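Chains as they are written, first to last, in this note's numbering: chain A, 220 to 331; chain B, 787 to 900.
Hints are supplied without guarantee of correctness; some may be wrong.
[As the list claims (entries may be wrong)] Below, a list of computed lysine-lysine pairs in the DSBU-like style, where the Cα atoms sit at most 30 Å apart:
#1 Lys287(A) with Lys799(B)
#2 Lys275(A) with Lys323(A)
#3 Lys271(A) with Lys323(A)
#4 Lys268(A) with Lys799(B)
#5 Lys843(B) with Lys799(B)
#6 Lys271(A) with Lys799(B)
#7 Lys323(A) with Lys799(B)
#8 Lys323(A) with Lys843(B)
[To be verified] Far from chain B by the CB rule (all over 10 Å, computed), these chain A residues:
#9 Thr231
#10 Phe253
#11 Gln264
#12 His293
#13 Ala318
#14 Gly324
Calculated from the structure, these hints are not laboratory results. Note that the structure is predicted; figures quoted are calculated from it, not measured. Yeah, the Cβ is synthetic: ideal placement off N, Cα and C, and Gly gets one too.
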Amino acid sequence: GDSVTQMEGPVTLSEEAFLTINCTYTATGYPSLFWYVQYPGEGLQLLLKATKADDKGSNKGFEATYRKETTSFHLEKGSVQVSDSAVYFCALINQAGTALIFGKGTTLSVSS
Amino acid sequence: KAGVTQTPRYLIKTRGQQVTLSCSPISGHRSVSWYQQTPGQGLQFLFEYFSETQRNKGNFPGRFSGRQFSNSRSEMNVSTLELGDSALYLCASSLDSPSTDTQYFGPGTRLTVL
Numbered sequence: 220g221d222s223v224t225q226m227e228g229p230v231t232l233s234e235e236a237f238l239t240i241n242c243t244y245t246a247t248g249y250p251s252l253f254w255y256v257q258y259p260g261e262g263l264q265l266l267l268k269a270t271k272a273d274d275k276g277s278n279k280g281f282e283a284t285y286r287k288e289t290t291s292f293h294l295e296k297g298s299v300q301v302s303d304s305a306v307y308f309c310a311l312i313n314q315a316g317t318a319l320i321f322g323k324g325t326t327l328s329v330s331s
Numbered sequence: 787k788a789g790v791t792q793t794p795r796y797l798i799k800t801r802g803q804q805v806t807l808s809c810s811p812i813s814g815h816r817s818v819s820w821y822q823q824t825p826g827q828g829l830q831f832l833f834e835y836f837s838e839t840q841r842n843k844g845n846f847p848g849r850f851s852g853r854q855f856s857n858s859r860s861e862m863n864v865s866t867l868e869l870g871d872s873a874l875y876l877c878a879s880s881l882d883s884p885s886t887d888t889q890y891f892g893p894g895t896r897l898t899v900l
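Start from the sequences, fold in the hints, and give me the full structure.
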């Protein structure tokens with residue numbers, strides 16, 4: 220079945236460091252891919268998405284490119300801030316188009 | 787435009803009780819989905835409602851149920867609560883279908899079962 224695998228955390232970085240959070244997926248076809256972010260005590264916020272191969276989603280300095288050859292959707296940011304500290308979830312819409320399937324989440328902690 | 791709202795934000799119940807959680811979607815959104823988030827299992831899909839009908843269901847026991855009203859507001863109910871039901875319950879709304887429209891999440895209801 221469809222699944223998402225993302226790197227285990229926590230990821231600890233200093234402010235202004237480069238961020239990569241790896242995400243790979245298993246799916247039939249080419250599902251839409253998403254990154255959601257969850258700040259402490261809050262629900263999920265959509266960070267960015269890509270709906271087809273080679274699409275690049277971007278928002279707030281974060282980027283991710285839909286790579287069908289490697290079935291990946293890695294999240295990157297050139298210079299992280301303390302305010303980026305949160306849990307990041309990679310997700311896809313399942314084959315039936317009925318629900319999101321999430322990875323386990325990666326905790327990012329950025330210190331000044 | 788107001789986002790997805792969920793009430794209450796926190797609940798404490800004891801084993802065997804039942805609980806009802808409420809979700810108001812973004813205005814104009816007709817699809818409402820529910821997810822359970824736990825440290826062990828992560829985020830799991832419970833069910834989706836559209837036009838007052840359950841359209842899709844995840845792999846949860848029958849103790850978990852829901853409904854949707856004509857104004858698209860949704861409730862979910864858990865009967866005979868178990869300790870393992872302690873979780874953050876998230877509601878998400880989309881325009882018409884999760885397959886074509888982005889899902890927007892509410893802040894969640896934190897349920898603790900003692």
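| task | Would you list, in rising numerical order, the hints stated earlier that this structure does not obey? | result | Hints 1, 4, 6, 10, 11, 13, 14 not satisfied by this model.
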